[in-house]
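Student: Take a look at the letters that make up each chain.
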Amino acid sequence: MNRLKEIGRRLFYLGHQPHFNRELDDEVQFHIETRADELERTGIPRREALVQAGREFGSTVRMREQTRAAWQIKWIDDLLSDLRYALRALRRNPGFAAAAIFSLALGIGANTTMFSLTMEFLFSRPSCRNPETLRSIQIGGNSAAEVRDWRFLRSAHIFADVAGSFEEAESNWRKGEDTYRLSVMPVTDNFFNIVGVPVAFGRAIQPGEQYTAC
Amino acid sequence: MMQESNIPEFLPGTLYMLILRTLARGPLHGYAISRRIKEHSEEALEIEEGSLYPALNRMLVKGWLTAEWGISENNRKARFYKLTAEGRRQLGRESRQFDRLIRAIQLVMRSA
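Residue numbers (this note's numbering), protein chains in the order written: chain A, 1 to 214; chain B, 1 to 112.
Fair warning: there could be bad hints in the mix.
[Claimed, not checked] Which stretches of chain A does chain B cover? Using the computed rule of at least three CB atoms under 8 Å from a CB of chain B, they are:
#1 3 to 12
#2 20 to 30
#3 64 to 72
[What the hints assert, rightly or not] Subject to a maximum C-alpha distance of 35 Å in a straight line, what follows is the list of computed DSBU-like cross-link-like pairs (lysine-lysine):
#4 K62(B) x K38(B)
#5 K74(A) x K77(B)
#6 K62(B) x K82(B)
#7 K5(A) x K82(B)
#8 K82(B) x K38(B)
#9 K82(B) x K175(A)
#10 K175(A) x K74(A)
#11 K77(B) x K38(B)
#12 K74(A) x K62(B)
#13 K62(B) x K5(A)
#14 K82(B) x K74(A)
#15 K5(A) x K77(B)
#16 K62(B) x K77(B)
#17 K38(B) x K5(A)
If you're looking for bench data, these hints aren't it; they were derived computationally from the structure.
Glycine included, C-beta positions come from ideal geometry on N, C-alpha and C.
From just these sequences and the hints, can you work out the full model?
Tutor: Shown next as structure tokens:
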């Protein structure tokens with residue numbers, strides 16, 4: 001508990017350094033003046049008394065250093081002065097700074113991209129409902145199967161259900177006066193129910209629907 | 001006079017104890033602390049300003065003292081140091097320890 005309070009006091013100091021320094025100045029000033037008052041009472045003129053009191057006090061440089069050290073959290077202070085030094089050096093040499101920032105940005109960017117891609121391709125779960133129950137089958141080699149064949153396979157009840165899809169196709173999409181060429185994948189009405197791919201936008205095709213785009 | 005002033009160096013930690021003891025009777029500013037110690041020791045102990053203020057600040061950090069600005073007897077703005085409850089406990093601890101040390105040293109010295 002005491003230790004925590006101590007850290008609190010040190011942190012407070014960190015935020016109020018100029019104030020603390022001023023207070024120390026005032027305190028030293030008071031010390032010297034009070035000593036001078038004392039000397040003055042022994043008959044020494046004010047000016048000489050002040051000079052002598054100052055001389056007795058001695059150099060304040062080391063005393064100030066040690067007073068600061070009493071409050072400092074060493075590593076934070078070192079870190080701050082290192083950062084200040086680094087900033088000064090970078091400001092003096094903008095070309096170097098730009099090169100350093102550019103190569104860091106490039107390095108970090110490339111790493112982030114590689115990490116995201118690796119995560120996506122190697123470690124992410126497939127986005128369908130039960131990947132272990134899904135099988136891809138092809139009827140009739142590489143060519144597309146007839147709808148009739150699909151119906152037959154479905155009614156044969158070898159699989160719980162069979163959805164059909166045509167993997168690579170393109171279609172025109174008309175929006176107002178403009179027409180867009182889109183990559184599409186025609187599927188049977190039960191496709192979404194079986195595969196369970198979440199729909200990013202709009203709604204899934206419902207069983208029984210025909211000629212619907214989604 | 002100057003040779004006497006390095007007592008805290010051959011008895012480490014006694015400076016804290018002396019300051020705590022001096023403040024036990026009531027708040028004082030830095031100058032009065034060094035003055036009191038000098039008077040009460042019959043001029044044998046003189047704290048250098050260079051070690052008084054760092055020590056006072058270390059004691060503030062430790063929570064043994066609090067500091068407050070006030071008006072001194074010579075009508076100037078001065079910083080008064082006051083003992084906290086923790087400072088009072090620390091004074092007890094340090095003087096017990098110090099007594100034990102002195103007694104032990106005396107025992108050894110008398111045995112010879």
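Student: If a hint holds in the structure, say so; if it does not, say that too.
Tutor: Here's how the hints hold up against the structure:
1. 3 to 12: The restraint on the segment 3 to 12 of chain A holds, since 4 of its residues have a Cβ under 8 Å from chain B and three suffice.
2. 20 to 30: holds (count 6)
3. 64 to 72: Held - the segment 64 to 72 of chain A has 5 residues with a Cβ nearer than 8 Å to chain B, which meets the minimum of three.
4. K62(B) x K38(B): 25 Å, holds
5. K74(A) x K77(B): Status holds; Cα separation ~32 Å.
6. K62(B) x K82(B): 13 Å, holds
7. K5(A) x K82(B): Holds - the C-alpha atoms of K82(B) and K5(A) are around 18 Å apart, at most 35 Å.
8. K82(B) x K38(B): With a Cα-Cα distance of about 19 Å, the restraint between K82(B) and K38(B) holds, given a limit of 35 Å.
9. K82(B) x K175(A): 82 Å, violated
10. K175(A) x K74(A): 67 Å, violated
11. K77(B) x K38(B): At roughly 23 Å apart (the allowed maximum being 35 Å), K38(B) and K77(B) satisfy the hint.
12. K74(A) x K62(B): 16 Å, holds
13. K62(B) x K5(A): 8 Å, holds
14. K82(B) x K74(A): 27 Å, holds
15. K5(A) x K77(B): 28 Å, holds
16. K62(B) x K77(B): 25 Å, holds
17. K38(B) x K5(A): 33 Å, holds
The structure does not agree with the numbered hints 9 and 10 stated previously, though it agrees with the rest.
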